[in-house]
Amino acid sequence: MTTCSPSATLSQRIAAGCDENALKCYQCKKCTSGCPVARYSDMHPAMIMRAVQLGQWDMIFDDRFIWLCTGCETCTARCPQGIDIAAIMDELKIMARRQGRIPADTPSAAMLKLNYDSFVRWGRMWEVELIAIDVLKRPTSVKSWLSLGPKMMLKGKINPTLKRGDTLAMKRMVQTAETITRAREARAAEALAADGSAAPAGAGGAS
Amino acid sequence: MSTTLAYYPGCSLHGTSGEFDASFRASARALGLTLQEIPGWECCGNTAAHSINRLLSNALPVNELVKVEQDMKLDAVAVPCAACYSRFKTGAHEVAEDAHTAEDVRAVVGREYGGGVDVQNLIDVYHDAVGLEELAAKATRPFDGLKVACYYGCLLTRPPKITLADNPEYPTHMDAVVKAIGCEPVEWNYKTDCCGAALALTEQGITDDLVGRILTDAKACGAQAVSVACPLCQVNLDGRQSEIMRKQKDWQPIPIIFLSQLVGRAVGVSDKELGLKKHLMDVMGVMA
Numbered sequence: 001m002t003t004c005s006p007s008a009t010l011s012q013r014i015a016a017g018c019d020e021n022a023l024k025c026y027q028c029k030k031c032t033s034g035c036p037v038a039r040y041s042d043m044h045p046a047m048i049m050r051a052v053q054l055g056q057w058d059m060i061f062d063d064r065f066i067w068l069c070t071g072c073e074t075c076t077a078r079c080p081q082g083i084d085i086a087a088i089m090d091e092l093k094i095m096a097r098r099q100g101r102i103p104a105d106t107p108s109a110a111m112l113k114l115n116y117d118s119f120v121r122w123g124r125m126w127e128v129e130l131i132a133i134d135v136l137k138r139p140t141s142v143k144s145w146l147s148l149g150p151k152m153m154l155k156g157k158i159n160p161t162l163k164r165g166d167t168l169a170m171k172r173m174v175q176t177a178e179t180i181t182r183a184r185e186a187r188a189a190e191a192l193a194a195d196g197s198a199a200p201a202g203a204g205g206a207s
Numbered sequence: 001m002s003t004t005l006a007y008y009p010g011c012s013l014h015g016t017s018g019e020f021d022a023s024f025r026a027s028a029r030a031l032g033l034t035l036q037e038i039p040g041w042e043c044c045g046n047t048a049a050h051s052i053n054r055l056l057s058n059a060l061p062v063n064e065l066v067k068v069e070q071d072m073k074l075d076a077v078a079v080p081c082a083a084c085y086s087r088f089k090t091g092a093h094e095v096a097e098d099a100h101t102a103e104d105v106r107a108v109v110g111r112e113y114g115g116g117v118d119v120q121n122l123i124d125v126y127h128d129a130v131g132l133e134e135l136a137a138k139a140t141r142p143f144d145g146l147k148v149a150c151y152y153g154c155l156l157t158r159p160p161k162i163t164l165a166d167n168p169e170y171p172t173h174m175d176a177v178v179k180a181i182g183c184e185p186v187e188w189n190y191k192t193d194c195c196g197a198a199l200a201l202t203e204q205g206i207t208d209d210l211v212g213r214i215l216t217d218a219k220a221c222g223a224q225a226v227s228v229a230c231p232l233c234q235v236n237l238d239g240r241q242s243e244i245m246r247k248q249k250d251w252q253p254i255p256i257i258f259l260s261q262l263v264g265r266a267v268g269v270s271d272k273e274l275g276l277k278k279h280l281m282d283v284m285g286v287m288a
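If you read the sequences in order, they're chains A and B. According to the working numbering, the first sequence is numbered sequentially starting from 1. According to the working numbering, the second sequence is numbered sequentially starting from 1.
Incorrect hints may appear among the rest.
[Said to hold, decoys possible] Below are the DSBU-like pairs computed for lysine-lysine, each with C-alpha atoms no more than 35 Å apart in a straight line:
| # | chain 1 | residue 1 | chain 2 | residue 2 |
| --- | --- | --- | --- | --- |
| 1 | B | 272 | B | 89 |
| 2 | A | 137 | B | 277 |
| 3 | A | 29 | B | 219 |
[Claimed, not checked] Which chain A residues face chain B? A few, computed with CB under 7 Å, are given here:
| # | residue |
| --- | --- |
| 4 | 36 |
| 5 | 70 |
| 6 | 72 |
| 7 | 90 |
| 8 | 93 |
| 9 | 125 |
| 10 | 127 |
| 11 | 147 |
| 12 | 148 |
| 13 | 151 |
| 14 | 158 |
| 15 | 176 |
| 16 | 177 |
| 17 | 180 |
| 18 | 181 |
[Unchecked claim] Per label pair, the in silico range of CB-to-CB distance:
| # | chain 1 | residue 1 | chain 2 | residue 2 | range |
| --- | --- | --- | --- | --- | --- |
| 19 | B | 270 | A | 167 | 31 to 41 Å |
| 20 | A | 117 | B | 72 | 28 to 38 Å |
| 21 | B | 249 | A | 186 | 54 to 64 Å |
I should point out that these hints are in silico values taken from the structure, not numbers from a laboratory. Heads up, the beta-carbon is just placed ideally off N, CA and C, and yes, glycines get one too.
Turn these sequences into a full structure, and let the hints guide you.
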């Protein structure tokens with residue numbers, strides 16, 4: 001476990017969640033240079049890493065960046081300190097979702113959840129269902145879907161049917177994984193609290 | 001190396017990329033490989049699970065590996081979808097490297113994975129399981145120097161500590177495969193840049209930018225076609241071109257072809273079986 005100052009609570013939580021040490025980052029910015037989406041939001045990977053080090057939750061959770069991250073792993077592959085930066089982005093997404101800190105202009109966050117719910121429900125992801133629910137929940141997406149969807153349907157590119165996976169096995173695995181994850185998180189939170197430097201559980205503000 | 005491989009198609013190959021599934025099966029058959037689909041396979045967790053429940057994202061692929069190892073008694077699995085491949089390699093890596101993760105994954109899966117399954121992506125199957133000499137020998141209908149840009153995208157090579165790719169910044173195995181079937185791989189700059197497929201349903205403006213940049217370079221470097229080994233890259237690079245053409249009137253479309261379709265054509269699989277009519281950008285000009 002990293003030795004942390006009180007302001008490093010966020011990096012401690014990250015370390016507890018994905019076993020990555022954000023404090024190793026020395027801001028060389030190779031991650032940002034190679035990031036395909038850095039130019040589309042105010043934050044970029046190196047900036048996120050610095051904000052993690054400084055415990056600046058708001059800066060991260062109010063920005064679109066983590067939800068634009070495509071998970072391409074370029075940052076992870078190139079980090080000279082060997083930090084799995086993409087894993088830290090995932091951990092931030094997990095934390096943001098749990099704390100209800102998802103900005104309004106980030107449809108990708110809802111799409112990830114639709115995707116997750118789809119394979120949990122059917123044992124396999126059903127692409128047509130995803131699009132249908134997205135269109136219902138987010139009417140503005142109709143236009144972009146219409147620009148491509150019908151062409152793909154006509155070509156027979158989209159198979160609208162679904163062959164289910166083993167749905168019972170899937171449900172059992174999801175439940176077990178969620179139970180174990182909750183138990184591990186509770187233990188990690190206790191350990192951090194015992195360190196005397198952790199923010200209260202569920203804290204969303206800058207620590 | 002066994003010539004019988006377990007086969008994990010994944011959701012996309014049963015959904016929007018049926019031609020990837022069909023062309024992979026047909027090419028494997030022509031090359032003397034036997035594919036056994038994992039019975040009752042589940043989703044690998046794809047791009048969603050690892051940003052929602054990390055443990056589940058490792059357990060789902062390991063559950064499939066356990067079936068291959070202990071039910072099917074096979075030592076290798078072909079995972080042609082690059083996104084599934086990445087999840088399989090990551091899951092196997094995590095349980096091998098981290099005792100806590102291994103313990104939790106065992107609890108979720110209900111069985112312990114012995115680590116005895118080699119996970120192969122589409123390129124690995126042709127490059128290693130079949131081999132370049134064998135591939136060249138079986139190419140009864142090779143291409144006549146078609147200039148191809150080999151696009152690897154993100155997850156076939158990254159992160160290198162997990163994929164063990166030949167060269168994560170400038171990989172060459174797909175280039176070697178297309179060369180073996182008579183194509184001429186071009187040197188170009190965007191082999192491993194992200195095409196933004198993860199954002200294709202939500203941030204089309206960004207995706208169009210990324211796709212435009214990748215394909216502009218492929219064309220500038222002389223490519224007549226782009227070869228891909230990922231269903232998300234294919235649907236994105238192919239489909240977004242129709243939108244790019246609307247915004248940019250002088251855009252010259254370039255066909256986006258699965259590596260399995262190129263190999264299938266070279267080893268004599270019929271056009272119909274390869275699903276060549278499902279592409280939005282015409283491929284018959286270079287595949288005929």
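Going back to the hint list, which numbers does this structure go against?
Per hint list: zero violations.
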